[in-house]
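Novice: Next come the chains, spelled out residue by residue.
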Amino acid sequence: MIRFAASRLLSLTLSLLLASVVVFAVVEVIPGDPASYMLGLNAAPEAVAALRDELGLNGTLWTRYFGWVTGMLTGDFGQSYTYRVPVSDLIAQRLWVSLPLTLFALLISTVIAFPVGLIAAARRGTPSDYAIMGVTQLGIAVPNFWFAMLLVLVFAVNLHWFNAGGFPGWENGLLIGLKSLALPAIALALPQASILARVMRSSLLETLTQDYIRTARAKGLTRAQALRRHALRNALIPVLTIIGLQFSFLIAGAVIIENVFYLPGLGRLIFQGITQRDLVVVESVVMILVFSVILITFLVDLAYAAVDPRLRSGR
Amino acid sequence: MISFQNLTLAIHGTPILNDISFELGQGQIFGLVGESGSGKSMTALALMQLLPSGSLVGGHVEVDGADVLAMSEPELCTLRGNDIGMIFQEPMTALNPVQTIGDQVAETMLIHGTATKSEAAVIARKMLDRVGLPADKFPSSRYPHELSGGQRQRVCIAMAIALRPKLLIADEPTTALDVTTQAQILELLRELVAEENMSLLLITHDLAVVAGMADHVAVMRNGALVEQGPTEQLFKTMSHPYTKQLFEASSHQPNRTGDPQEIPILEIKNAVREYAAPRRKLFHRFAPFRAVNDVSFTLMRGESLGLVGESGCGKSTLTRAILGLDPLQGGEIHLSGEPVLAGEHMPASLRQKVQIVFQDPYGSFNPRHKVQRLVMEPFHLTKVPENPREHVANALETVGLPSDAMDRYIHEFSGGQRQRIAIARALVLHPELIVLDEAVSALDVSIRAQILDLLADLQTRLGLSYLFISHDLTVVRAITDRVLVMQAGQIVEQGPTEKVFTTPSHPYTQQLLDAAPQIPDDWQETKHA
Amino acid sequence: MRLPVQLVLGAALTAIFALAVALSFIWTPHDVTILTIADKLQGPSGKYWLGTDHFGRDMLSMLMVGARTSIAVAIVAVGIGIGVGVPLGLMSAANRGGLLDEVIMRGNDLIFAFPSLVIAILITAVFGPSALNAILAIGIFNIPVFARVTRGAALSVWTLDYILAARTCGKRALRISIEHILPNIANLLIVQGTIQFSLGILAEAGLSYVGLGAQPPTPSWGRMLADAQTYIYNDPRLAFLPGIAIVMMVLGLNLMGDGLRDLLDPRIRRER
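Residue numbers (the numbering used here), protein chains in the order written: chain A, 1 to 315; chain B, 316 to 844; chain C, 845 to 1116.
Quick caveat, the hints were computed from the structure, so don't treat them as lab data.
There's no promise every hint is true.
Stated by the list, open to error - 27 Å max Cα-Cα, derived DSS-like pairs, lysine-lysine: (1) 1015(C) with 668(B); (2) 432(B) with 452(B); (3) 698(B) with 1015(C); (4) 814(B) with 584(B); (5) 1015(C) with 685(B); (6) 441(B) with 452(B).
Said to hold, decoys possible - Chain C side only, calculated, beta carbon under 7 Å to chain A, not exhaustive: (7) 869; (8) 966; (9) 1050; (10) 1083; (11) 1091; (12) 1095.
Note that the structure is predicted; figures quoted are calculated from it, not measured.
Ideal Cβ placement from N, Cα and C applies to all residues, glycine included.
Starting from the given sequences, assemble the full structure and let the hints guide the process.
Specialist: See the structure below:
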């Protein structure tokens, strides 16, 4: 198990390193001179030179890259050009909106999908199965940001149960914070829950055709017992893969959804960065997003090993 | 104790079983024999009431006077595992991969509420000991993937007999296993029946297995029982023609008039093939695994040479090297005096001298091509002839198929016909050597007899040389002049087939021969030559 | 043989959109490049079947022309995924366990760490927004998807005996991949293609919505939704129509994909 974790950790580090090279190449090398790009066409040469100094653009590519990576490792992402504050402060602030939102959505999505998928598989071919399959088929087709707009229309504009957007901050209390994240989280979660429920169902049905289920039935287990005791854990393996993949969709989705609800998260930050050509902010937030996807992949790999003994005993 | 009365079964309207009646006494071993599709497994599943959906059953199946077909699902769940245990053909997939073997055996007790969790674990441990998986080597905390096929089948048996059922159903329990493992599992089953005074319903396609095991035998064909009776009596009389046919096919001796010449066609000298051992530690490489270890032999023109060995002995690896698919790490292979090299280094003119026929009649063909294109594939090595259809028609005719077969897709043919098409594909370039890799192992005995006849006939007519690879000793004995016995990558014995079979010199050969189930000689009225 | 219901329904929905797009090239009820501010925010009428938007453009015409953007982006993105991913997957499978396999699979993992939105952000930050960004971003993300599906399916075909037979006939990996592997995994690729197509339409809508995709005046469903957000209190119709169009299009493709899978997968067909 430890060997397995260590080998996954090694590949995580490697992925991160490669990702940083890609981001660095796209943001700092391809545009030519980032300083004149950030200041636009009409910038005074002195201003450009000053910014070049500030960004450390006068060093070689290698020292710039090395400086950037070692900086990130110590939590120093550089100075935002537009906000004139350390980017790490900006990210820390915004992370407290984006991270809870993503986790909240992941929670809602799994809490809904697991029982729904289980019911559909257990009652295969019945009206409840068909109903679930129909609803989830529709759920997959709905763009989350449009669904978010509909939620605003119904629950904020018409029913006034929630605010249409904005975030009061956690200092006003946990419940108030969660309440303002509820609609965005639901909008993010439901399409993903539809996918997850369908994967859960088909994975369970696939597992139910396996030989060991027949063995279990021959031992005297009822259909339901065989499903619970033998199919469930085996069916979880492909479901974990999807949860891992979904996390990256949720992160991307959160960036968009924050725009619908005017939430001060990483998504808003990155769009401000783009419009103001603040490359330091853009590359830092991108690295944070990529880092979280890679981290989740790593955790999913560990979860595999916890579920499947074949992976634990060295492959 | 268990009785089937006029059992009928239809699945989605297709009749599967027709008027099956027989009885099983306590402590008896009952052999149910038949070819694939005869309905023998469905009979057992009807007793367990684990039939596929869409099944419609009629008649009665009684266990101690209670009709199973009339029982409710909860009653059936009490019956299964408690009164009747069952084991299946495929031990590799029969166990839950994410649960320990101890837990899986203990579950039988837990489900039926006969023991607490800790008691069940203790009984499960005893059961594993009982089936030959001692605690020091096979702790209960093992997972299925850490065990071999034979060991997994033992776990299945432990699970099935944990509650000391009155009846154990074994559906082809040893078909997926090697012959020595088969002998051990059959011995274990025999012991358990004797000690526990349990009945055993043994389902198999292998007449020799029932001959050695069963007290009573029933023969099935197309969903009906054709004959039943006490084993010895049934074998001695064989009143039904189908039984006789089955028996003759299983010990079929094709008419061989080959005459090997003293010209070597295939020469192998000190062949070594190694695989890199899987990396267990990051910075440490283990010694590579030698799949083929210093193998030397010669195959003469017109000769049929057998290669016998159990799974994992290196047969397949050796075959791939002979076909020029994988390189050797040592030694050399010569085909008609020319060296065999792997991959692109082997000239097409040499490749066309050797062709292969595989075991699986289903996986041997690209399902998207018509037979003509399939049979023509070897022409990649030469130029496609001007009249390809004629060549294909000839090849098909040689193997006894009509030439219009070439315009059909492979799924339109039966297993036996596919094997004929595979032989036609091998013949189309007029090779000198054909490698037959378990070429008849997947076929029912009657089809197998026909294909063996065809192979013998082709050898006589075309002067072919065969390398006949098989785990089945009977078949090898019937079709080869000489035989090689392979164990753990090495040839441990070689010699004329009859001599090796009658007076084996190596203990492993002796072990293989002893393990192979036999119909006692004095039971056989129609002895083969 | 009976066609699966989903396939018929999905194909019908998809056909409607395909026809609408084809029609939009020769005829739309109104010209979407002309703004008639006087007619802005009108409800459905005989003149404007689905009403007008905040610039007085006909909604039906906007939807028809907007569908072009969505479909074009999705088609090209799937094309990139198939064109690059499938050959990579085939190469990877043919060299199983080799260095090339390792490099391709690591490369795949790396791209998987960049959701298409992140790729779009990176490209936009440097080159500015355009529909091309959306195509590239979604297309790049499709490459590892197809590479993985291809590799997995190809690996299982490589173990079959007919591949060994082809090799004994002296056929090389490239020839075998094209002649034996590709036709036997085509079913799977078609099904995956429809799935990625529908995901592409969703992704394009998302990117246009946040301004990383097609730029005005090119109509696109995502942009129409972004514009509608301002008017959601007054005229929610502006938000309903493009949303429903997206849902119907994606639903049609997904149903078609499921139907194709049922039709092409012999295992499921037997079960029915």
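Novice: Would you mind marking each hint as holding or not holding in the structure?
Specialist: Now the hints, each set against the structure:
no.	hint	verdict
1	1015(C) with 668(B)	holds, 15 Å
2	432(B) with 452(B)	holds, 23 Å
3	698(B) with 1015(C)	holds, 14 Å
4	814(B) with 584(B)	holds, 24 Å
5	1015(C) with 685(B)	holds, 19 Å
6	441(B) with 452(B)	holds, 14 Å
7	869	violated, 25 Å
8	966	holds, 5 Å
9	1050	holds, 5 Å
10	1083	holds, 5 Å
11	1091	holds, 5 Å
12	1095	holds, 4 Å
Of the numbered hints given earlier, the model fails hint 7 alone.
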